[in-house]
Amino acid sequence: MSSNQEPGMGSYVGIVIGLMIIVGIEVLLTYQHLPVRTLLFSLLCLACFEAFVGIMYLMHVKYESPLLFWTIFPATLFVLVLLNYVWPDAYRMARMSLGK
Amino acid sequence: MSESELTMSTGHEVLMEASPYRIEKKKLGMWIFIVSDACTFATFLFGYGYMRVGSQNWGTPFDFPTILNGIIMTFVLLSSSLTMLAAVRATQAGQKPSANKWLGLTITLGTVFAILHLREWFKMFGEGWGLFSNPTGGAVQFGACFFSVTGLHLAHVISGVIALLIITRGYNRGRYDTSHVETAGLYWHFVDLVWMFVFPMMYLMNAR
Numbered sequence: 001m002s003s004n005q006e007p008g009m010g011s012y013v014g015i016v017i018g019l020m021i022i023v024g025i026e027v028l029l030t031y032q033h034l035p036v037r038t039l040l041f042s043l044l045c046l047a048c049f050e051a052f053v054g055i056m057y058l059m060h061v062k063y064e065s066p067l068l069f070w071t072i073f074p075a076t077l078f079v080l081v082l083l084n085y086v087w088p089d090a091y092r093m094a095r096m097s098l099g100k
Numbered sequence: 001m002s003e004s005e006l007t008m009s010t011g012h013e014v015l016m017e018a019s020p021y022r023i024e025k026k027k028l029g030m031w032i033f034i035v036s037d038a039c040t041f042a043t044f045l046f047g048y049g050y051m052r053v054g055s056q057n058w059g060t061p062f063d064f065p066t067i068l069n070g071i072i073m074t075f076v077l078l079s080s081s082l083t084m085l086a087a088v089r090a091t092q093a094g095q096k097p098s099a100n101k102w103l104g105l106t107i108t109l110g111t112v113f114a115i116l117h118l119r120e121w122f123k124m125f126g127e128g129w130g131l132f133s134n135p136t137g138g139a140v141q142f143g144a145c146f147f148s149v150t151g152l153h154l155a156h157v158i159s160g161v162i163a164l165l166i167i168t169r170g171y172n173r174g175r176y177d178t179s180h181v182e183t184a185g186l187y188w189h190f191v192d193l194v195w196m197f198v199f200p201m202m203y204l205m206n207a208r
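Residue numbers (this note's numbering), protein chains in the order written: chain Y, 1 to 100; chain B, 1 to 208.
Keep in mind that the hints were calculated from the coordinates and are not lab data.
Worth double-checking, as some hints may not be accurate.
As the list claims (entries may be wrong) - In silico BS3-like pairs for lysine-lysine, Cα to Cα no more than 25 Å straight-line:
| hint | chain 1 | residue 1 | chain 2 | residue 2 |
| --- | --- | --- | --- | --- |
| 1 | B | Lys96 | B | Lys25 |
| 2 | Y | Lys62 | B | Lys26 |
| 3 | B | Lys25 | Y | Lys62 |
| 4 | B | Lys96 | B | Lys26 |
Keep in mind that this is a model prediction, so the values were computed, not measured.
Produce the entire structure from the sequences given, and follow the hints as far as they go.
The following block contains the structure:
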């Protein structure tokens, strides 16, 4: 029941090739021996971008009712943000193991 | 019969109000499942992050051959998303032979992904890796995190392959229609997108 404005298969091939290129960039970044935090931030940003493109185009959210997007995503994002409560304790554990 | 047609024919406009999302019930149900499953995967990945940050001797055990295997698995899974899109398009156009071809290819690629994954696992078991063992002398939690996260994803891929086999069989017998294939496709793309996080977090972040 999605709308008829969906792109053709050619566009989908382009999107998937684009995602493959991003995976290639991720691998290249990994072997640049960047600091762990920089690498983690870069990989997470690229993965989030891939997920966004995938959700919008491959999973057709862009072509569904906007209500579906606004019902699902803010709530999911809220849960994902709340999960960040674990980090202070993780750093506490790291400091404890260093004896600080 | 669509939901709106059903509303009109029964005359129970209040009871049978059309979905505000303008999608079929099974697709909405799949979206709700996807959201809950995304939270499950996120919890596993956050748990992994927690243990990694909290451990001083985590280590980076993966050599390039392991990363290369991960790259191949990623390309196989991304290709399967494309074949799934082609299958949905073919079912929408009513082209049964074409739909069968693309669904078959998606199932094959999903199976190849699972085989590559299991091969990697058994290689690691052979090297002494386990849920509670780390042959490199690093944090023992590595095995628990790696096998839990990748195992959860592998279970989704295998479930997806089984679901696609059932859907394909039902579609050929006229029991299932385009909407069933679309809904299965939604799940398949989700499994693909989860891997876009699992690969960099579990493989690339642990590359030597």
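Here is how each hint holds up against the structure:
1. B/Lys96 / B/Lys25: holds, 24 Å
2. Y/Lys62 / B/Lys26: At roughly 19 Å apart (the allowed maximum being 25 Å), B/Lys26 and Y/Lys62 satisfy the hint.
3. B/Lys25 / Y/Lys62: Between B/Lys25 and Y/Lys62 the Cα gap is close to 19 Å, so the pair holds against 25 Å.
4. B/Lys96 / B/Lys26: This hinted pair holds, its Cα atoms lying about 22 Å apart.
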